[in-house]
Amino acid sequence: MLKRIFQAPPRYWLVLVVVVFFVGLPTVVTSFQSAEWAEVMIFAVVIMGLNILVGYSGQISLGHGAFMALGAYTTAILIHRYQLNYLATIPIAGLVTGLVGFLLGISAMRLSALYLALATFALAVVTTSLIKRPERLTGGVQGILLLPPDPPQLAKDMFAAVTGTPMTSDQWIYYVSFACALVLFWLAWNLIRHRPGRALRAIRDGEVAAAASGINIAGYKTLAFGISAFYAGVAGSLYGLVIGYVSPDTFPASLSFQLLAGAVIGGLASISGPLLGGIFTFWLPMVSSQFVAGQDWIPAQISSVFKNAGPAVSYGALLILIMIFAPNGVSGLILSTYTRLRRRLRGAGEPGSGQMPPDHQTVESPAT
Amino acid sequence: MQELLQQVLSGIASGGIYASLALALVLIYNAMGLVNFAQGEMAMFATFLAFTLIDHGLNYWVALPLTLLLAFAAGVLIQRVVIRPVERAPILTLVIVTLGLATLFNGLAGFLFGYVPRSFPSPFSVLTVNLAGAFVSYRDLGVMGVSAVVLVLIYLLLQRTTVGLALRAAAHHPDASRLLGVRVSWMLALGWGLASAAGAVSGIMVAPILLLDPNMMQTVIIYAFAAAVLGGIESPLGAVVGGVIVGVTVNLAGAYVPGVGGDLQLAVAFAIIVAVLVLKPNGLFGHAAVRRV
Chain A
1 MLKRIFQAPP RYWLVLVVVV FFVGLPTVVT SFQSAEWAEV MIFAVVIMGL NILVGYSGQI
61 SLGHGAFMAL GAYTTAILIH RYQLNYLATI PIAGLVTGLV GFLLGISAMR LSALYLALAT
121 FALAVVTTSL IKRPERLTGG VQGILLLPPD PPQLAKDMFA AVTGTPMTSD QWIYYVSFAC
181 ALVLFWLAWN LIRHRPGRAL RAIRDGEVAA AASGINIAGY KTLAFGISAF YAGVAGSLYG
241 LVIGYVSPDT FPASLSFQLL AGAVIGGLAS ISGPLLGGIF TFWLPMVSSQ FVAGQDWIPA
301 QISSVFKNAG PAVSYGALLI LIMIFAPNGV SGLILSTYTR LRRRLRGAGE PGSGQMPPDH
361 QTVESPAT
Chain B
1 MQELLQQVLS GIASGGIYAS LALALVLIYN AMGLVNFAQG EMAMFATFLA FTLIDHGLNY
61 WVALPLTLLL AFAAGVLIQR VVIRPVERAP ILTLVIVTLG LATLFNGLAG FLFGYVPRSF
121 PSPFSVLTVN LAGAFVSYRD LGVMGVSAVV LVLIYLLLQR TTVGLALRAA AHHPDASRLL
181 GVRVSWMLAL GWGLASAAGA VSGIMVAPIL LLDPNMMQTV IIYAFAAAVL GGIESPLGAV
241 VGGVIVGVTV NLAGAYVPGV GGDLQLAVAF AIIVAVLVLK PNGLFGHAAV RRV
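Just so you know, the protein sequences line up as chains A and B, in that order. The C-terminal position of the first sequence is numbered 368 in this note's numbering, with every residue numbered one higher than the one before it. The C-terminal position of the second sequence is numbered 293 in this note's numbering, with every residue numbered one higher than the one before it.
Bear in mind the hints are in silico, worked out from the structure with no lab data behind them. In this text the structure is predicted, and so the values were computed from the model without any measurement. Warning: the hint list may mix true and false statements.
Just a few of them, taken from the derived set where beta-carbon distance is under 8 Å, the chain B residues facing chain A [unchecked claim]:
#: 1; residue: Ile54
#: 2; residue: Val86
#: 3; residue: Ile91
#: 4; residue: Asn106
#: 5; residue: Leu108
#: 6; residue: Leu127
#: 7; residue: Ile273
#: 8; residue: Val278
Some chain A residues near chain B, calculated using beta-carbon distances under 10 Å [said to hold, decoys possible]:
#: 9; residue: Val15
#: 10; residue: Val18
#: 11; residue: Ala113
#: 12; residue: Ala117
#: 13; residue: Phe121
#: 14; residue: Leu146
#: 15; residue: Phe257
#: 16; residue: Leu318
#: 17; residue: Ile322
#: 18; residue: Ile324
Not close to chain B: a few residues of chain A, all C-beta gaps over 10 Å, as computed [what the hints assert, rightly or not]:
#: 19; residue: Leu2
#: 20; residue: Val19
#: 21; residue: Tyr82
#: 22; residue: Leu87
#: 23; residue: Ser129
#: 24; residue: Leu130
#: 25; residue: Arg133
#: 26; residue: Val162
#: 27; residue: Leu191
#: 28; residue: Thr337
#: 29; residue: Arg343
Glycine is no exception: its CB is placed at the ideal position from the N, C-alpha and C atoms.
So that you can see chain B by itself, here it is in the shape it has in the complex (with noise of 0.2 Å):
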């Protein structure tokens, strides 16, 4: 029971991670009908940014916010110079850009910092502390905070904000948008830049677990896409429940489920997505897509 307890909660912390990153994806699929199949080395690459300024010496504290910025600041860009050029291709096009920045992000990495797993620093300590019965690691439980307090911020940021309005209004109807005022384009190059921003998060907490490297991102990715489908990918508040729950049932598999271990964890993060897609594509919380023919 105990170890039960124990699996679940470090499976709420990894599904913390993932929620963050399919929050990411989330954003980019509301702002542009589009998954980012860049952003988990979007991710890896902030987390890089992030370990080179501590590696300066920097604050922990001082270096997170910093790199959140210089991410969201690669997100605008990003969107503004590769993306924008090919906003009204087909989606082929669009997903084969983004493969292409997955790769380019993956190289980049291994050029300027190498293939060699580096240690991430970690503010919290990996001690324990007895949680109801069940010892949870003072890390598990930074990770479901800060996970926690980034989703809470960028919820409250689309749903209470101005901008955030503006944000959602030229997701659903650019248009309509456009001729109220709101300045569309730069509204999905705010979408990117978020998503860069949440995506990081995840990059930066997930690091001192998995070792930092240029594929760090390329196992977490897939939990995020599971997540996002779980939850249905355009709703946000999906993403978050899809993590967790991806995040608690990966960790049960690799635990209970004989013959899945932890090399095939990965599997099972396969199996649901192809599961939700062929059974209910729509998600948990998503809408059935209306098309208009």
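Just chain A, same shape as in the assembly (with noise of 0.2 Å):
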């Protein structure tokens, strides 16, 4: 036991240090940096889901935003009509919007990878407007206020005892984020890996190819589908529980849009990436448009406006520029580094030599 603990390969060192940070984390920073890590997680969650349906099975969602819409509505109404437990919410969102997920992945299979980017581009679009629509269910316009949670008791001695202070709700919710990512990167991680993951990648890389190896096509898609959308009504159902409100304008299209480039950005069809893509979704646009307001040399004006726009900006630029020079994102571009720099400790020959094993019958180059 103990030597097959010291045998384990880095990887499974680097996620249990990545843990034990994630579950630190709210016992140093601020009630306040916890919500704002909580909504990385469940940016996370999305981008995990979105990572299994567009970098594991190669269809391309521009509307998660519209999923996690449909997850926050479902919780929120749950809460407000029916006073229902809001942990109980969570299932219940994920499995609504998984149902729905799944119903739109039928008809998601007859199109083309373009077209299916193309009609999830208007889906996104057009949630705001539908969200409206049916007021007294969702409030239309106001939306839904939410009551932040109260931790429950054992929680808040245990923080107390940890910390001095008594837990807050933004902290409680934290941890429920935390833990809801920790299983659904744990599920992910054991599909990816097993037949279904087999599967997905097959159809993703030559889908007659897979279908001539007896892979049911049709399933596994409609099944990707509706996972990814099971993990952005969780999410969405958290992220309405972090915000403590939900109307239309929490679902812009822009955040279908920015739930994408997070997932590239991360690194597309990689455990990591997610997380990656979830700490970029929700600290750029902050960092870039705070940045610009904090340097003191820019005139106000200018800063001001650059508030509004710098997000936009820099998101753009960064999403071209990572898709021209690292289009496995930034989870990639760690990797590849490493393996590089690993091969060049080594000492395992030129980058150009490949990784071919070194083969007597080829005529030895002179030392270098």
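These two chains come separately, so use the hints to put the complex back together.
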């Protein structure tokens, strides 16, 4: 047992470090910052769902903001109208959204990647006006207010024992989001390593070949859509709880694009990518607007304009640059740098020589 | 009856606007098999350029062609700088690059011109003229006229000139065209330039109606998508017909279908997109795609 632990590959240790870091985070940052990191967790969850759809099954969705909206409104309506416990609404929101995603996936299956992108783009834009319509159910433009949930006594006491201050509702929501993220990431990891993951990748890389190998293409593609929507629904539900408020403008079309952008920036078809993507999706707009606003030498007039435009400009530019120079995203970049560095350190030849083992029959090149 | 006619006519006018933007989408789709999600934002930005020119005292009819030239140059430039490095990348990469462009232009317009809606001048008055019993504004007639001129010009360019022939050849058989001496890569750039100019026309036409702000084209692009998809996304003629059908349908649905009203017209366009894609993915004028396995 001990031997197994010591021989675990470095990435397991990395996971452990990351988990410990996020468990301990609320004890060192403020309650407000905990809420911000809760949003990071939530974005990481949606992007993981998006990653399963886009990165592993090769279908494009520009409309995940709509799924998030569905999840958030499911939770809000259940709490507001039916006084359900907020924790119980999270899986319900996930399942409802997952079911809707599954049904949409059936029609999505007929579309090529480009048409699917187009249709989901339209969905993202239409969502806002669709939400406003059933006013009695969704509260129309005003939206629905959600009360911040109170942490249970046990959590309060444990938190107080560590930090000396009782747990706030923001910190509690952070832990709920973190727990959801942890479980959903673990599930995704398992899904991807095993049969469904292999099937999805086979479909992505060659649909005809996959079909010829006996993979149920229609089934797996709709399944991927359903799972992806489930993730988005859970995330949307948590998002509503963190913000304490859902309204049509909480889910603008740009949210959907930001999510896809986050998925790509983080790195598609990887497990660490969505976490990095979540961090980018949340912090990049914040940082880029606060950075400019914080510079004293920029006149106030310009910096106030930039405060609005900054995120969009930096987002767009970064997105294009990443697609041109590092199409595998940040996690891909890190991985390839690590591999190259390790090869260099081990002295495994020049990059040009590739990964071919030394061959006796090739003429040895003179020592360099 | 008279009201119906009026709704149809004003639908045709909006249809002309959608058709220009849809045509821009079709041009780029034909050139490289890509839906340009940034088309609307590029058009919006061009409209801001036109606004700036007119604001500096230029005559409308001088500013219009000048803007189209600038938009053309910008389109070529974008293709050269941003699209070319990822030309051969998977479709997902291309889609995301165009989304990045859209975000970039939206933010840039907000940065340079602010988010306050501005009224955009129109050379046509909003006075109405009696046309076979229906009242049509000169502005609607002007929009129809300008759109028609642009569409005919692009049609002539594509079908009746050597450059147009080279453009179409490069799109359909890049390798064969290259062997025959067509500079395929520059043809793609030309396609982007033309699309950018066609989109700019739609932006300039729609700005007096919707008021100019960075998010102006966000709804128009959906109608243009609906038009392009309905017409068959590879057919220029389809884009025009689709544009008019979408314009009229949306207008009539808003006026006569109870419960749609002004705010759900966008949902009608969405419904058209989904219905066409699911039921008849090749649209009215498209050909069934043949894939080599």
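Problem set entry | Outside-interface status for Arg133(A) - nearest CB in chain B farther than 10 Å | violated (7 Å)
Exercise. Leu191(A) clear of chain B by more than 10 Å, beta carbon to beta carbon?
Worked result: It holds; Leu191(A) is separated from chain B by about 20 Å at its closest Cβ, greater than 10 Å.
For this session: With a cut-off of 10 Å on the beta carbons, see whether Phe257(A) makes it to chain B.
Result: holds (5 Å)
Exercise. Minimum Cβ separation between Val162(A) and chain B greater than 10 Å?
Worked result: It holds; Val162(A) is separated from chain B by about 42 Å at its closest Cβ, greater than 10 Å.
Problem set entry | Reported absence of Arg343(A) from the contact zone with chain B (all CB gaps over 10 Å) | Check passes; 26 Å lies beyond 10 Å.
For this session: May I ask you to check that Leu2(A) keeps its beta-carbon over 10 Å from the closest beta-carbon of chain B?
Result: holds (45 Å)
For this session: Would you check whether Ile273(B) satisfies its interface hint, that is, whether its CB is within less than 8 Å of any CB in chain A?
Result: holds (5 Å)
Problem set entry | Given hint Leu108(B) near chain A, where the shortest CB pair must fall under 8 Å | holds (6 Å)
Exercise. Are Ile324(A) and chain B close enough, Cβ to Cβ, to be under 10 Å, as the hint says?
Worked result: holds (5 Å)
Exercise. Hint check: is the beta carbon of Val278(B) less than 8 Å from a beta carbon of chain A?
Worked result: Check passed: Cβ of Val278(B) comes within 5 Å of chain A, closer than 8 Å.
Exercise. Given Leu146(A) was flagged as interface, is its beta-carbon under 10 Å from a beta-carbon of chain B?
Worked result: Leu146(A) check fails; min Cβ-Cβ to chain B is 25 Å, beyond 10 Å.
Problem set entry | Interface hint outcome for Val15(A) [beta carbon to chain B under 10 Å] | violated (27 Å)
Comparing the model with each earlier hint shows violations of hints 1, 6, 9, 10, 14, 23, 24 and 25; every other hint is respected.
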